[in-house]
Amino acid sequence: MFELSGRTALVTGASGDIGRAIARALHQNGASLALSGTRKEALGALAAELGDNVHILPCDLADPVAVEQLVPAAEAAMGRLDILVNNAGLTRDNLALRMKDEEWDLVLAVNLTAGFRLARAALKGMVKRRFGRIIGIASIVGVAGNPGQTNYAASKAGMIGMCKSLAAEVAARDVTVNCVAPGVIESAMTRALDERQKSALVGRVPMGRLGRPEDVAAAVVYLASPEAAYVTGQSLHVNGGMAMI
Amino acid sequence: MSDVAERVKKIVIEHLGVDADKVTDDANFIEDLGADSLDTVELVMAFEEEFGVEIPDDAAESIVTVGDAIRFLDKATAS
Ligand SMILES: NC(=O)c1ccc[n+]([C@@H]2O[C@H](COP(=O)([O-])OP(=O)(O)OC[C@H]3O[C@@H](n4cnc5c(N)ncnc54)[C@H](OP(=O)(O)O)[C@@H]3O)[C@@H](O)[C@H]2O)c1
Chain A
120 MFELSGRTAL VTGASGDIGR AIARALHQNG ASLALSGTRK EALGALAAEL
170 GDNVHILPCD LADPVAVEQL VPAAEAAMGR LDILVNNAGL TRDNLALRMK
220 DEEWDLVLAV NLTAGFRLAR AALKGMVKRR FGRIIGIASI VGVAGNPGQT
270 NYAASKAGMI GMCKSLAAEV AARDVTVNCV APGVIESAMT RALDERQKSA
320 LVGRVPMGRL GRPEDVAAAV VYLASPEAAY VTGQSLHVNG GMAMI
Chain B
691 MSDVAERVKK IVIEHLGVDA DKVTDDANFI EDLGADSLDT VELVMAFEEE
741 FGVEIPDDAA ESIVTVGDAI RFLDKATAS
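Residue numbers (the working numbering), protein chains in the order written: chain A, 120 to 364; chain B, 691 to 769.
If you're looking for bench data, these hints aren't it; they were derived computationally from the structure.
Any given hint could be a false lead.
[What the hints assert, rightly or not] Calculated lysine-lysine pairs in the DSS-like style (CA-CA distance at most 30 Å, straight line): (1) B/700 / A/247; (2) B/712 / A/317; (3) B/712 / A/247; (4) A/159 / B/700; (5) A/243 / B/712; (6) A/247 / B/699; (7) A/283 / B/712; (8) B/765 / A/243.
Small disclaimer: the values here were computed from a predicted structure and weren't measured.
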């Protein structure tokens with residue numbers, strides 16, 4: 120499909136459903152990988168499946184000190200970092216009236232602040248080498264909002280705004296910064312829903328099915344590719360037509 | 691030329707890809723050497739790395755010529 124051989128990529132949240140698919144797709148197209156997450160066994164299993172040119176770099180993104188070390192560790196493992204995929208994310212849902220400060224703070228810290236710190240660290244080398252791809256996994260919720268998810272929606276909207284500003288800052292160095300915004304994707308979260316809840320969700324999707332992690336991964340591969348060199352500051356919505364923006 | 695001046699000029703020449711004879715003490719990074727705002731940030735970061743010092747934002751803003759950088763780093767490395 121797209122040629123990524125010789126490129127190096129760091130994928131956060133690689134132990135999760137979407138991150139795993141992103142890692143597989145980047146690797147399949149030739150990229151060397153650094154896989155990050157907190158569950159070492161899950162990262163190890165993925166690395167074993169993928170084979171060559173894969174490194175495991177566990178990191179708790181809620182820990183600012185650990186976050187600062189992640190990009191340097193990826194650069195040390197692979198020689199340099201060409202592609203950063205900020206995919207890790209979590210939810211702590213609650214209606215705003217009941218939301219605790221801790222729930223707000225944790226979601227913002229992991230979904231947004233860690234992504235900024237990783238991007239800031241990665242940009243140093245990218246700007247110097249005049250090549251780079253930073254891709255954030257946002258969400259339709261960051262654009263449309265969702266009751267019970269003020270914290271999560273704010274983090275995803277924040278990611279979209281951050282990407283646009285970063286994109287403008289580094290465009291002249293041939294570094295692109297974009298988001299992929301999934302709709303509802305088959306994952307641990309949606310597998311936990313009962314049939315009635317699931318069909319209500321699917322009813323809102325013109326395509327008549329939930330998205331697959333591979334649908335998101337394909338968008339990431341495109342944005343990482345040489346062919347997407349002129350695309351920056353954009354959000355690519357992968358949602359089966361659920362929202363047309 | 692002092693050691694600091696030599697190292698500063700080498701960084702400027704390499705980073706901006708300009709001829710050595712253009713990199714005079716009163717050469718302005720943006721107006722004379724064709725730097726953009728990101729170049730000036732990158733230069734400050736390169737100076738910090740080379741000399742092992744931290745250049746605060748307000749000091750960085752006052753460094754607009756090659757000579758400004760040399761004077762700042764002369765002082766910063768002397769103390
Ligand atoms: N599934 C959907 O329908 C959907 C829709 C829109 C957007 N998204 C976004 O897509 C991304 C991936 O979601 P997913 O569905 O694949 O969810 P997932 O299976 O729960 O994966 C989440 C990933 O984030 C990592 N993570 C969470 N907290 C972390 C922390 N403190 N430090 C380091 N890593 C942490 C997890 O790593 P460990 O498990 O190893 O801690 C895991 O790999 C997220 O940003 C999510 O917001 C998902």
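task: May I ask which of the numbered hints given earlier this structure violates, with the numbers listed in increasing order?
output: 2, 4, 7
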